[in-house]
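J.: The residues making up each chain are set out below.
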Amino acid sequence: MTSTVPRLQAKARLGDVLFSRTSLFAGGMILVTLAAVAAFLIVQSIPAFFASGDSASILREAGNFWAYVWPLIFGTIWAAVLSLVMALPLAIGIALFISHYAPRKLAATLGYVVDLLAAVPSVVYGLWGIGVLAPAVQPIYSWFVDNLGWIPLFAGPVSATGRTILTAAIVLAVMILPIITAMCREVFLQTPVLHEEAALALGATRWEVIKMAVLPFGRSGIVSASMLGLGRALGETMAVAMVLSASGIVTFQLLTSGNPSTIAANIALSFPEAYGTNVNVLIGTGLILFIVTFLVNALARYIVNRRAEFSGAN
Amino acid sequence: MKLSPAIKTVAAASIALLALTSCAANEGGATTDEGEGSASSLSGTIVGVGASSMGAAQEAWAAGFQTANPDVTVNYDPQGSGAGRETFQAGGSDFAGSDRAFTAEEIAAGPFDGCAADSGILQLPLYVSPIAVIFNLDGIDNVNMDADTIAKVFRGEISNWNDPVIAGQNDGVELPDLAITPVHRSDESGTTENFVEYLVAAAGDVWTDEVSGDWPGALAGTGEAAQGTSGVVEAVTGGQGTIGYADASRAGDLGTIAVKVGEEYVPYSPEAAAAVVDASPLASETEDRTEGDLAIILDRSTEASGVYPIVLVAYSITCETFNDATQAELVKDYLTYVSSEQGQSDSQESAGNAPISSELRSKVDAALALIS
Amino acid sequence: MAISVRPVSSGSALASGQLPRGTVWVVLVASLAVGLALFGLISAASGTEFNLVGAILVGLLLHLIVSTGITGAVEGRRQAMNQFMTNLVSGAFLLAMVPLISVSLTVILNGLARFDTEFFNSSMRNVTGEGGGALHAMVGTLLITLAATVISVPLGLFTSIYLVEYGRGRFAKMITFLVDVMTGIPSIVAGLFAYAVFALLLGPGVRMGIIGAISLSVLMIPVVVRSSEEMLRLVPNELREASYALGVPKWLTILKVVIPTAIAGITTGVMLAISRVIGETAPLLITAGFTASMNYNLFHDRMQSLPVYVYTQFANQGNPAFAFMERAWAAALVLIVIVMLLNLIARLVARYFSPKTGR
Chain Z
1 MTSTVPRLQA
11 KARLGDVLFS
21 RTSLFAGGMI
31 LVTLAAVAAF
41 LIVQSIPAFF
51 ASGDSASILR
61 EAGNFWAYVW
71 PLIFGTIWAA
81 VLSLVMALPL
91 AIGIALFISH
101 YAPRKLAATL
111 GYVVDLLAAV
121 PSVVYGLWGI
131 GVLAPAVQPI
141 YSWFVDNLGW
151 IPLFAGPVSA
161 TGRTILTAAI
171 VLAVMILPII
181 TAMCREVFLQ
191 TPVLHEEAAL
201 ALGATRWEVI
211 KMAVLPFGRS
221 GIVSASMLGL
231 GRALGETMAV
241 AMVLSASGIV
251 TFQLLTSGNP
261 STIAANIALS
271 FPEAYGTNVN
281 VLIGTGLILF
291 IVTFLVNALA
301 RYIVNRRAEF
311 SGAN
Chain C
1 MKLSPAIKTV
11 AAASIALLAL
21 TSCAANEGGA
31 TTDEGEGSAS
41 SLSGTIVGVG
51 ASSMGAAQEA
61 WAAGFQTANP
71 DVTVNYDPQG
81 SGAGRETFQA
91 GGSDFAGSDR
101 AFTAEEIAAG
111 PFDGCAADSG
121 ILQLPLYVSP
131 IAVIFNLDGI
141 DNVNMDADTI
151 AKVFRGEISN
161 WNDPVIAGQN
171 DGVELPDLAI
181 TPVHRSDESG
191 TTENFVEYLV
201 AAAGDVWTDE
211 VSGDWPGALA
221 GTGEAAQGTS
231 GVVEAVTGGQ
241 GTIGYADASR
251 AGDLGTIAVK
261 VGEEYVPYSP
271 EAAAAVVDAS
281 PLASETEDRT
291 EGDLAIILDR
301 STEASGVYPI
311 VLVAYSITCE
321 TFNDATQAEL
331 VKDYLTYVSS
341 EQGQSDSQES
351 AGNAPISSEL
361 RSKVDAALAL
371 IS
Chain H
1 MAISVRPVSS
11 GSALASGQLP
21 RGTVWVVLVA
31 SLAVGLALFG
41 LISAASGTEF
51 NLVGAILVGL
61 LLHLIVSTGI
71 TGAVEGRRQA
81 MNQFMTNLVS
91 GAFLLAMVPL
101 ISVSLTVILN
111 GLARFDTEFF
121 NSSMRNVTGE
131 GGGALHAMVG
141 TLLITLAATV
151 ISVPLGLFTS
161 IYLVEYGRGR
171 FAKMITFLVD
181 VMTGIPSIVA
191 GLFAYAVFAL
201 LLGPGVRMGI
211 IGAISLSVLM
221 IPVVVRSSEE
231 MLRLVPNELR
241 EASYALGVPK
251 WLTILKVVIP
261 TAIAGITTGV
271 MLAISRVIGE
281 TAPLLITAGF
291 TASMNYNLFH
301 DRMQSLPVYV
311 YTQFANQGNP
321 AFAFMERAWA
331 AALVLIVIVM
341 LLNLIARLVA
351 RYFSPKTGR
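Residue numbers (this note's numbering), protein chains in the order written: chain Z, 1 to 314; chain C, 1 to 372; chain H, 1 to 359.
The hints are simulated quantities; they were obtained by calculation from the structure and are not laboratory data. There may be inaccurate statements among the hints.
List time: in silico DMTMM-like cross-link candidates among lysine to aspartate or glutamate, alpha-carbon distance up to 20 Å [what the hints assert, rightly or not]:
{"hint": "1", "chain 1": "H", "residue 1": "K250", "chain 2": "Z", "residue 2": "D16"}
{"hint": "2", "chain 1": "C", "residue 1": "K363", "chain 2": "C", "residue 2": "D333"}
{"hint": "3", "chain 1": "C", "residue 1": "K260", "chain 2": "C", "residue 2": "E197"}
{"hint": "4", "chain 1": "H", "residue 1": "K256", "chain 2": "Z", "residue 2": "E197"}
{"hint": "5", "chain 1": "H", "residue 1": "K356", "chain 2": "Z", "residue 2": "D16"}
In this text, all values refer to a predicted model and were calculated from it rather than measured experimentally.
Based on the provided sequences and hints, a complete structural model is requested.
T.: Here you go:
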C-alpha cells in the first residue's frame, strides 16, 4: 500500500488561536515587566557598588556598600524566618479547622473573618504594633529575660518599650497569616472527596484522614502559600519601619533594644532624606532584596519539584 | 438560588459607591458668602515637596492661601528634605521645603532645572520650631539638665534618673531609681541633625561624633530607635523612664527638659527659639552666596539670656527667575503670605512654630522682591 | 492471629470503648476552672495582680494533657492522637483570633469617633485642626485600586491559564520562576520603578494616580498568578477530557469548564491580591503623592489615597493632635470596611457562578 491516508488536522479555530496568543502575550508581559524592574534596579545600583563613604554620606559609618548591606540582609532573613515559623503552623491549623473541623455553616463565616486580617493596611499594623502589642508583650519579655536570660536568644537587657525584632516578627506573622490561611483553605477544600471518604470507610479518625488524604494532596499548595507569605514578609515596609527599634547591628537576641533592621524598612526610613548617591545605595539594597527573594523562591521550587507531585491537571 | 440577599448587598454597595462619587461638601464652587473682600483673580497650582517637619505648617499656609484665593491649589508633599531638594533640582516642584539649606558647593554644582538658566536660588528660613527634649516620668513635668548631662544621657554614660549629676541640678525634685532609656530617630532627619549640632556646639568634648541627619552609628545600640516624630513621641509615651527629642509642638503632656544656657535653665518656648535665630549670622556674611540666599548659621553655643538653643530652622527654597512668569507670580504671592504676620500666626496655631521676627521678615521681603 | 478483645463494659456494645459524649467539653471546663483557681490562689497569696492570661493558658494546657490522656486510656492510641490534633487545631484557631480581635477592636473603637457625615463628604482642603474628612482619599483609593485591578487581573489570569493549559517547556518554567521572584519585590521598589518609568517619559516630579495604579499592579500580578495557577491545577483532568470528548474547543473548555470550576479559588486569589495592595502606603506616597483636595482624574496631578492619608495624618500631626489621630483611625476603619464589602461581593460572585460540589 503506497497511498498514505491524509493526516487529519484539527481545524485551527479562531477562538483557540486568539486565546492561546493572548495567554502567551500575558506571559510575555510578565517577562517584560520583570526585566524592566530588574534593569531599573541594576542600572540605578551600579554607582552604589563602587561608592564609598566620601561619595555617599550614607556609607560613612560602614565604609563600603557590602558592609552597609550585610546587617540588613541578616535582619531581613531573620525577621522573615521568625515570622514564617510562627505563622505557617498556625495557618495550616486554621485552614484545617475551617475546612474540616468547623461546622459547615460556621466555616464560611470563619473564613471571611480571617480574610479580614488581610484587609488591614500595613500602617494600621504599625500603629497597633507600637500602641497595643509592644506594651502588652513588654512584661512577658521582662519575665523571659529575668528567668531564661541564660539562653542566648533571650539575653538582656530587656527593651523598655517592647519594640524588638520579635515584636516586629509577630506583627509580620499576623500580616502573612491570612494570605497563607486563605490559600491553604482553598487547597484543602479541593481534596477529592472520594479520597477522604475512602479513608473514613477504612476506619480512619479525622486526623488520620487529614494526614493521609488532605495534607499530601495539598503539599504543593502549602509551599506556594508560604512562598507568597514569605514574599510579603521579606518586602514589608511600613509596619516594620514603625514598630522596630532598629540599630543596624547583627545579633540573634530577640528581646533587646538593639535590633537588626530589614532592607525594606531601611529604604523607607532613609529614602525621604536621601539625595545623590545615597539614593543609588538604597536602590542597591533593594536589588539585594530582590536577589534574596529570588534565591529563597528557587530553593522552595526545587524542594517542591523533587517529587513530581500528583495534581489534578497531570 | 436565593438572590435577594445578594441583590440587597450589591445594591447597598453600589449606592454607597455612588454617594462617594459626589462632590466634597467643603469644596463647593458656590462661595457666594464671601461677598466682602475682593475676589482674587489668581488661579493655578503650586507644587512644593519637602520636609515633613513643616507638614502641618504648610497645610495651614495652604489652607489660608487657598481660602483667600479659591482658584489656587497648593499641594505640599511631605516626602522629606532630601526628596524635596532632589525634586526641586530636577524641576519637579515650584519650591522645596528643607531642614537644611543647600551648601555653597551644592549650589555651585547645580543643576537647577526648574529655574531659568543662570538663575540663583532663594533660601528663606520661614519655619522656626523649637526641639523639645521630652521624657516620661510619673508625676514629674520638668527636669533641669545642662548640655553635658544631656549628651551623656543620650550616649548611655548616665543610665539612671537618680544619678547624682542629674540630682545635683534638680533640687527638690524626687527622681526615681529608674533606668534611662534614650529614644532617637531611626530615620534620617533634620531634627536629629539640629539636635546633634547643638550637642556638638555646646558639649563638644562629650559628644565627639560628627553632625549628620543619622544618629551616630556607634551609639545605635544605646536606647531605642523610632520612626518619625510621631514614632519618638509614641515610644517615649509607651515606656517609663524614656527620654527623647522631638519637635516641641508634639510634646503634649510629656515632661520636658529645661536646658542650661549661661547660668540659668531655659524651658522651651517659641519666643526663646526665635531669639536664637535672630542672634545668629547669615551664611552670606562669611560665604559667597547670592542676594536671595538667607541661609543661617545657627549659634547654638550662645550664652545670651532667655534663648533656647535647640531649634530647627526649615527653609523654603525657590527660584529667583522662573521660566514661567505666571508661576513666578503665584509662588511670590504664596511665600509673601507665608512670611507675613498673618501667615506665621496661622501656622503657629496648627504647628506650634515660632513666628519669625520683623527684622528677618524685612530681609525675606527683600529677597522675595527678586522673584521674576 | 490473636485479636485482643476489649472487655465489654456495661452499656450497649456499640458504644463500648468510647468516652461518653461531651466528656471533652467537661474536661475543658474543669481544666479552665482549675487554672483560674490556681492563679487566683497565687495572686491572693502573694498579693500580685490576678493574671488572667496565665490562668487561661495553664487551663488550656491542662485540658490538652488531660483530654488526650483520658482518650488514650479509654479509646486507644489513635483516638488519643486524634483528640490531641483536634485540640491543637482548635487552639491554633483561637490563637489567631486573639490578634484579629485586638486589631479590629483597636481600629473600631478608635475609628468610630469620626464616623460622621462630615468625614464622608469633605476633603481636607482648607482644613487645619479639627473637622475635615477623607472623601478625596476614598475616591482616590477606589479609582487607583480599580485601575490596578483592571490591569492585573486579566494579565495575571491569562498568564496562569498559559502556565496551566498551554505552557510546556522552558518558557513556562521561566515564567513560573519569574512570578516567584516578583512576589518578593518590596512595595517601595515597585513604587520607585513605576515613578522612574514615568519620569523618563514625562519628566521628573510627575505624580499621577495611574502611576500609583501601575506600581500596585506590579505587586498584585504575582499574587493573582500564583493563586489562580494553584486553583486551575486543582481542576480534575477528567473534567477537561470529558469536555474535549464532547468536541468542545480548548478555549471554550477553559472558559466554560475550567474557570467556573476554579472560580471560587480565583476570586479568593483576586481578593487576596486587592487586599494586599489596597493598604500599601510606600509606593503610593512616591507615585500618586499627597494632596488635600479632590481629584477625579487618574491622569492628571496628585491623588490622595486612604493609606497615605492614614500615614500622613499620623506622621504630621498638628494642633490639636487628637483630631489628626481620630481622622487617621477613621480612615483606617473605612479602608477595612471597603475591603470587607469587596470580599462579600467576591464571595457572592463565587457562590453564584461556581458549580455545586459535594462539599
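J.: Honestly, which of those hints from before does the structure not fit?
T.: When the structure is compared with the hints, numbers 4, 5 turn out to be violated.
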